[in-house]
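A.B. asks: Can you build the whole structure from these sequences, using the hints too?
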Amino acid sequence: MANVLVCIKRVPGSSGQVLLTGDSMSIDARHVGHTLSPHEECAIEAAVQIAGDTGGAATVLTLGPEGALEQLREALAVGVSSAVHLVTADGGSGDSGDAHGPADVAAAIADVARRREAAGEGFDLILLGNDAADTGDFQVGVRLAYLLARPVVTGARTVAVDGSGPAAVATVIGDGPAGTEEFQLPLPAVVTVKEGEITPRYPSIPGRLKAKKAPVEVIEAPAPVQGTARRALVLPPEHPSTVQILGTDKDTGAAAAAVVDVLHTIGVVTR
Amino acid sequence: MSTSATTVLVLVEAEPEEMSTLSLEALTFARALAEPAGATVHALVVGDLPANGAGELSSHGAQVVHQVSDPRLAAYSAAAWASCVVDAIGAQSPAVVLAPASPRGNEVIAHVAARLDLRMAANVTEVISAQVQDASTGDAALVVRRQVMGGAVLEELDLVGSPALFTMAGHAVEHTTVESPAPAQVIATAPISLSAADLVAAVRRTVPVASSGTDLTRARVVVGGGRGVGGADQFDELIALAGRLGGALGVSRVVTSLGWRPHHEQVGQTGSRITPDVYLACGISGAIQHWAGCSSAKTIIAVNTDPEAPMVTKANYAVVGDLHQVVPAISSELDARHH
Ligand SMILES: Cc1cc2nc3c(=O)[nH]c(=O)nc-3n(C[C@H](O)[C@H](O)[C@H](O)COP(=O)(O)OP(=O)(O)OC[C@H]3O[C@@H](n4cnc5c(N)ncnc54)[C@H](O)[C@@H]3O)c2cc1C
Ligand SMILES: Nc1ncnc2c1ncn2[C@@H]1O[C@H](COP(=O)(O)O)[C@@H](O)[C@H]1O
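Listed in order, the protein sequences are those of chains A and B. Using the working numbering, you'd call the opening residue of the first sequence number 2 and step up by one each time. Using the working numbering, you'd call the opening residue of the second sequence number 2 and step up by one each time.
Simulated from the structure, these hints should not be mistaken for lab results. Take these hints with a grain of salt, some might be off.
Stated by the list, open to error - Every beta carbon over 10 Å from chain B, so not counted as near; a handful from chain A, in silico: (1) Met2; (2) Asp54; (3) Ala58; (4) Gly68; (5) Ala119; (6) Arg209.
Stated by the list, open to error - A few chain B residues that don't get close to chain A, going by computed Cβ distances all over 10 Å: (7) Glu19; (8) Gly151; (9) Gly152; (10) His172; (11) Gln186; (12) Ser196; (13) Thr215; (14) Ala233; (15) Thr276.
What the hints assert, rightly or not - Pairs of lysine-lysine, BS3-like flavour, derived with a Cα cap of 30 Å: (16) B:Lys315 / A:Lys251; (17) B:Lys315 / B:Lys299; (18) A:Lys251 / B:Lys299.
A virtual CB, placed ideally from N, CA and C, is assigned to each residue, including glycine.
C.D. replies: Structure follows, in structure tokens:
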């Protein structure tokens, strides 16, 4: 029976042009809405599967503004049974929208994990995304593992839990420079997940209804200590379009000839 | 061993035949940072060096190479590598420690940051202002710029700490060699602080991936396919053209999410970053997360029915039209010219 915690982050969506807030300190998400990293969607799916396979439970956690309840509900709709919301103060438009840096987020998650453990409801496995879709710090999971003195593997393509009690282990498969790598971690452990092999399920209608009633523990987020050290966000210079149209499918032959000319000029095809 | 001069320490990664490209880029970057400060560039490698590894490191600016060997380091463990970096920090007191922003580089530097309770900046592209102070007199204080949102946005931040820890975004600089380099001094060392706990999360086994054709991340030509391809059974023309050009197929996330193609072919923020000479992007709109993976292509040719698609407006060249007409026509044109 594995008790799994999955940590997710509300991030700005970004279908079109990215806009910054007036003070250049955050991404203006008013028009693009919010989402999760695909890595975290896979982590949620892994948590739900492991909880199901072992007869345990999956809990989702986020540290973020009030609006992050929307992302918690998404996880609750696909089979996570309860949620923890560490609420931050936020203007409502930013990326993570507040001043918590990766060390602060890890510390806040560690506090929750310790409290649950003291109550006899410790998490056997904590799953996170490999990197957050907005800040991409690549470190919350590793910092959390050190705070809890647990082993950690990052970038898992799949995670499974075998055995129970003190003999329980997590088998993790990931991609290394020389091929597929396998790890086996004694529980409790921390694993960060990458998109690739896990297919997240879609929420069902009963799932969505259940999510509305699922328990959400709301806690005020601890104040940041280390912070983000952000000075400003800047957009890379927009280069005016200099595209040269080589042709259209009205005259496919001419267009194809022009493409092949370019390939010759670049030197990727030689006569 | 302690050095009086300030050092910049670079964690480098060895491949079987050579040092990784990103490692050479990180060394090139470290050199530019060290020179004005009169600092020395040290490289740290865990495990074996390829035959000409020391030569490659010297020619890219490493003055000293620390090579850590121990049977316990045979299987990769991020915690074990981190303990080697922490040992080197203890011995050299470098002002700056950096690594390539590869999966290993990001992972190991995150471990080092957690152990030493330091800040870490991932995917740095530039150091805007550097005070590489002598380790005995105080902390390094850098202002760095790094990629966030998959590179669509840059963040400027203060990187204070001793040492300053960061990873270098791939292809932010081109790697260059130094003129008439002196061979680096190679110092073989044993790990000092490596403990049993560092080996708990070590790789148990590695299964080499059967390489199917050209590796996407190294291909000189990538033919891309997106939702516009239309279905799992519609990729033959693209695959044929990629094969014809000695290149690889790359796809968008919509394509992998729909199960049309496997995820290892995905280009973008949550897929691979490609650096080909030419990227022929067909039926891909060019969302920023896709762009994150293909913006380092030297030349981009878009094939798209929509002349306003970002992939088209940001490309060097474009054909406006149905890819199922244009792609086979390119293949036949190549055949025709070959006769
Ligand atoms: C955090 C995050 C991470 C992401 N990571 C990635 C990633 O790694 N990689 C990635 O690709 N996406 C990623 N995405 C998704 C991304 O935002 C887009 O949804 C995706 O790239 C769109 O794929 P597409 O261009 O194939 O599809 P669409 O946007 O639907 O575009 C299809 C294009 O095909 C054209 N078209 C249609 N028919 C034809 C035809 N017959 N001939 C020629 N052209 C035609 C259309 O004009 C259109 O431009 C990520 C999203 C998020 C939020
Ligand atoms: N504010 C947050 N709340 C909960 N989990 C988070 C938060 N920020 C980051 N994480 C988790 O940590 C992972 C790595 O984030 P990062 O180290 O910031 O790239 C993310 O994919 C999330 O799973």
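A.B. asks: All hints are to be evaluated individually against the structure, with a verdict given for each.
C.D. replies: Hint check results:
1. Met2: holds, 22 Å
2. Asp54: Non-interface label on Asp54 (chain A) holds, nearest chain B Cβ at 21 Å vs cutoff 10 Å.
3. Ala58: holds, 25 Å
4. Gly68: holds, 18 Å
5. Ala119: holds, 23 Å
6. Arg209: holds, 20 Å
7. Glu19: holds, 12 Å
8. Gly151: violated, 7 Å
9. Gly152: violated, 8 Å
10. His172: With a cut-off of 10 Å, His172 (chain B) remains clear of chain A, as the shortest Cβ separation is near 14 Å.
11. Gln186: holds, 27 Å
12. Ser196: holds, 12 Å
13. Thr215: holds, 12 Å
14. Ala233: holds, 15 Å
15. Thr276: Consistent with the label, Thr276 (chain B) stays out of reach of chain A, its closest Cβ about 14 Å off (over 10 Å).
16. B:Lys315 / A:Lys251: holds, 22 Å
17. B:Lys315 / B:Lys299: holds, 12 Å
18. A:Lys251 / B:Lys299: holds, 28 Å
Hint check: violations occur at hints 8 and 9; the rest are consistent with the structure.
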